[in-house]
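Chains as they are written, first to last, in my numbering: chain A, 15 to 68; chain B, 4 to 315.
Source of the hints: derived by calculation from the structure; they are not laboratory data.
The model shown is predicted, which means the values in this text are computed figures rather than measured ones.
Honestly, I wouldn't trust all of these hints.
[Stated by the list, open to error] Ranges between beta-carbon positions, derived for each pair:
#: 1; chain 1: B; residue 1: P54; chain 2: A; residue 2: K21; range: 31 to 41 Å
#: 2; chain 1: B; residue 1: L243; chain 2: A; residue 2: R30; range: 55 to 65 Å
#: 3; chain 1: B; residue 1: A129; chain 2: A; residue 2: K21; range: 48 to 58 Å
#: 4; chain 1: B; residue 1: A91; chain 2: A; residue 2: T24; range: 29 to 39 Å
[Claimed, not checked] A short, non-exhaustive set of chain A residues, derived as facing chain B with CB atoms under 8 Å:
#: 5; residue: V25
#: 6; residue: Q31
#: 7; residue: R36
#: 8; residue: K60
[What the hints assert, rightly or not] To give a feel for the contact side, a few chain A residues facing chain B, derived at Cβ under 10 Å:
#: 9; residue: I40
#: 10; residue: V50
#: 11; residue: I55
#: 12; residue: I58
The C-beta atom is built at its ideal place from N, Cα and C for all residues, glycine as well.
Each chain is listed here by its residues.
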Amino acid sequence: MIMVEEKLETVTLTERQRKAQRSRSIAIGVALAVLVVIFYIATIIKFGHNLGTM
Amino acid sequence: MSLAGESEKVNAQFSAAEVGDFLALLKPRVMSLVVFTAFVGLVLAPVPMHPVMAFTALLCIAVGAGAAGALNMWYDADIDARMTRTSARPIPAGRVLPGEALGFGLMLAGFAVVILSLLVNLVAGALLAFTIFFYAVVYTMWLKRWTPQNIVIGGAAGAIPPVIGWAAVTGSVSLESIVLFLIIFLWTPPHFWALALFKSGDYERAGIPMMPNVAGHASTRRQIFAYALVLAPVGVAPWLLGYTTPFYGVAAMLLGVGFVWYAWKVLGMADDDRAMKPAKALFAYSLLYLFAIFAAYLADSVVERALAMGGA
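Isolated chain A (complex conformation) (with noise of 0.2 Å):
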């Protein structure tokens, strides 16, 4: 069997390209962090009172 080196390409960024990149992450987990309280809270609040019936 022959075995073949294969060269990996990577992407080397940029420091404003990381900078920015970071920046986006803590706002989409800020944003996700936001929407699962406020559907927690709209969910308990549309179907709480069928759950009390189950």
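Got chain A sorted already, so can you dock chain B onto it with the hints?
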């Protein structure tokens, strides 16, 4: 640390977009108007809504409007680059890649419609989906580059939010919410044509068939005045139909008279007027008009209910 056998390269196509660039894709100023008019529709509805559900509905409407804005900027990046008013937008300025804007818009649109349908009701969700489709596909991809009636027909997308707000509470559409729709629908042409008059060079460069570039300035001025004459009484209609107290009626009448007066000034503008102060004044006043007439409707409804509760 790089692994043996790997080669490294700097990818110029990798995004350096900041959070603010993605927020700009949502057209925050348009979104604020959408949220405000949807809020008015939501409050005017005859039954109360739980504040958290109302907030969720408004959030979905805002995100849906933002998604439509992002899809608009994705499709219109070529003409945005040719207009001074829009050349600094994230895509033509090179800060956001077109594919990012498309993915962002589609993801937000799906999210807003699904959540509004599941957590609020299907009617509101369907109306939001229709609005996004109408703005992003019917207006942006078809009407905008094809006919000078683009913003007349496309204006329907911007006029629906109060109907969605109403539907979020009631699960239906009523005559009162349709009157709100009509106010924004009739307001849109004079608002955008006033802008198109003093930015006609921009639209000409971009090849967009706005009314001043197709029918000429004189015809556009006449049409602006005609729309103002129709808008003013429609603005008073909620009082005439018995939905409000005379407070709103008087406020709407005064605002309408102001709109006609500014439109009259535009009508009298000379053909060789390069400064176009009347058109700029009408554009600014039209923004004030829409905000004020919806605020008056909102105040009228809130005060009337408070007085009714006090008297009960």
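A quick look at each hint next to the structure:
no. : hint                         : verdict
1   : B:P54 <-> A:K21: 31 to 41 Å  : violated (58 Å)
2   : B:L243 <-> A:R30: 55 to 65 Å : holds (58 Å)
3   : B:A129 <-> A:K21: 48 to 58 Å : holds (51 Å)
4   : B:A91 <-> A:T24: 29 to 39 Å  : holds (33 Å)
5   : V25                          : holds (4 Å)
6   : Q31                          : holds (5 Å)
7   : R36                          : violated (10 Å)
8   : K60                          : holds (6 Å)
9   : I40                          : holds (8 Å)
10  : V50                          : violated (12 Å)
11  : I55                          : holds (5 Å)
12  : I58                          : holds (9 Å)
In this structure, the earlier hints numbered 1, 7, 10 are contradicted, and the remaining ones agree with it.
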